[in-house]
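Undergrad: Residues per chain, in single letters:
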Amino acid sequence: MRQRFLGKDPMVFDARVQVQMPSAAEDQMQVPVHVSAPGLTDVVDVLVFADLNPLPKILRYQPTSAAPDIGFRFKVEQSTPVRAAMRTRDGVWHVGGAWLRASGGGCTAPSVGTGQGLWQDRLGEISARLWPQQPGLERLRLRMIHPMDTGLAAGIPVFHIDRIDMRASDGRLLASLQTYEPVSENPVISVDLQHSGPVRIDAHDIQGNRFAATVTP
Amino acid sequence: MKRRFGIGAAVLVAASSMAVAQAANDYRLGAQAVAEGVYVFSGRNEHFTRDNGGNIVNTGFIVGTDAVIVIDTGPSLQYGEQQRKAIAAITRVPVRQVYVTHQHPDHYLGDAAYADASIAALSATISAIQTQGNALADNLYRLVGGWMAGTQSQSPTSTAQPGAVEIGGRKLRLIGTAGHTAGDLMVYDEASRTLFVGDLVFHDRAPTTPNADLLQWLNALDQIRQIDFKVLVPGHGAVVRDASAIEQTRDYLQWLSTSLHTAAEQGRDMVEVMNQPLPDRFQKLAVHDEEYRRSVSHLYPAIELTTLPRR
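Chains as they are written, first to last, in numbering that gives the first Met the number 0: chain A, 0 to 216; chain B, 0 to 310.
The hints are simulated quantities; they were obtained by calculation from the structure and are not laboratory data. We put the beta carbon where it would ideally sit given N, CA and C, even for glycine. Treat the hints with caution; some may be incorrect.
Between beta-carbon pairs, the in silico distance windows are [what the hints assert, rightly or not]:
1. B:N274 with A:G135: 24 to 30 angstroms
2. B:I89 with A:R100: 37 to 43 angstroms
3. B:R280 with A:R1: 43 to 49 angstroms
Taking the hints into account, I'd like the entire structure generated from these sequences.
TA: Below you can see the structure in the form of structure tokens.
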């Protein structure tokens, strides 16, 4: 995992990097995770992966003007460690994680919407809201309609959102998120932006479909 | 000679391990009389484990003149068989009718022990068992292991029609409602004023919500409050003779609904909601930590969507 994801960069296990989630998956298609790093500053890159998932890489997050905290849900195939690696400005990866118990079937099962056809009519629809926390800090929660197909379910090709950028109204990048196959269908994301005021969301999927919306507090 | 000894030892080992398996799979069901001709088998206030074999549920039976009515058959074929034996130890009257209160696997997977009886459930329950039953049974195999040997989900044989019915001289009232699941059947015995409420009421154990509609469930509790019962048999937890278990269930569900809606309005992420501590008064409920987190998984996704306007 280290070689594959962190390369030759220096790495330390760091208790400040927290991966919070239930110890057992109630719904293998929608395991909630909240990653944070209280006390760790200057985080420029966040990588979240599940060692034993058939597709381990879940997401990558660059909190340019944001806390290194992100909430999301993902699909799990079997019991696995879930880890967050956070690279600080000095080039060191700080790694934390937790164990998740699960009994099988999240990644290789078809998405719910693939059966219902929901996404065919409403692909990329964005629902979102901003919650000002304190001056200069606001929480963004967003949900997009997308099947997020892993390509592992028989007969259903891979099809997922791969990038969600969050910008100030002047175009300045606040945070950038790359989502991979394991992120749950119709993703719900929570981030804490160091920003006050409207946020523009620009996203696209691996087939080049573009989705955009503006959220005002 | 040596070889023969080897085979003998192998047979011996196999025989003794079978004996151990059989002894371990004894649910030790003892019927408790709760009213004239009305009995309950009480399960433990726990989660499914390999120790309890899934016996975390209350089931019961009502003895009529020429028919016994069974309410729920437990989590496995072996439970159903042992339940039937325990009933036969109390009465020689045969079991003619089984009622399944709802679709959850701990309540009906013993049905196969009653192949010669009529097995009835609400139509919503039957269709849920037909679509989800096998998956639920598989999951229970994973949780409790060998206790499930031979168990298969099977569909009830007839649809329960809410209303009055007389079986073996016992006047019963079947009450169809919903909330814990899409179909929740209650069985009321007129003579003893005993009410089998299924999982609409939990007692000193946190309610489960995988198929719940909280608003419907709270309405069903109002309906239960109007019933003139003397004995109330909850789906999980000790039998009661007053409304305390109903109120406890209502208190928990109302708190759950309010706190999830409040958290969503505050922009909380699902894991943050799971990490919220429960109020002191719910700390005494068995398995409250696990069930609360499970409930957040079940209910929060729909609730949070109501706070995220479309852009």
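Undergrad: Any hints this thing doesn't respect? Which numbers, in order?
TA: Violated hints: none; all satisfied.
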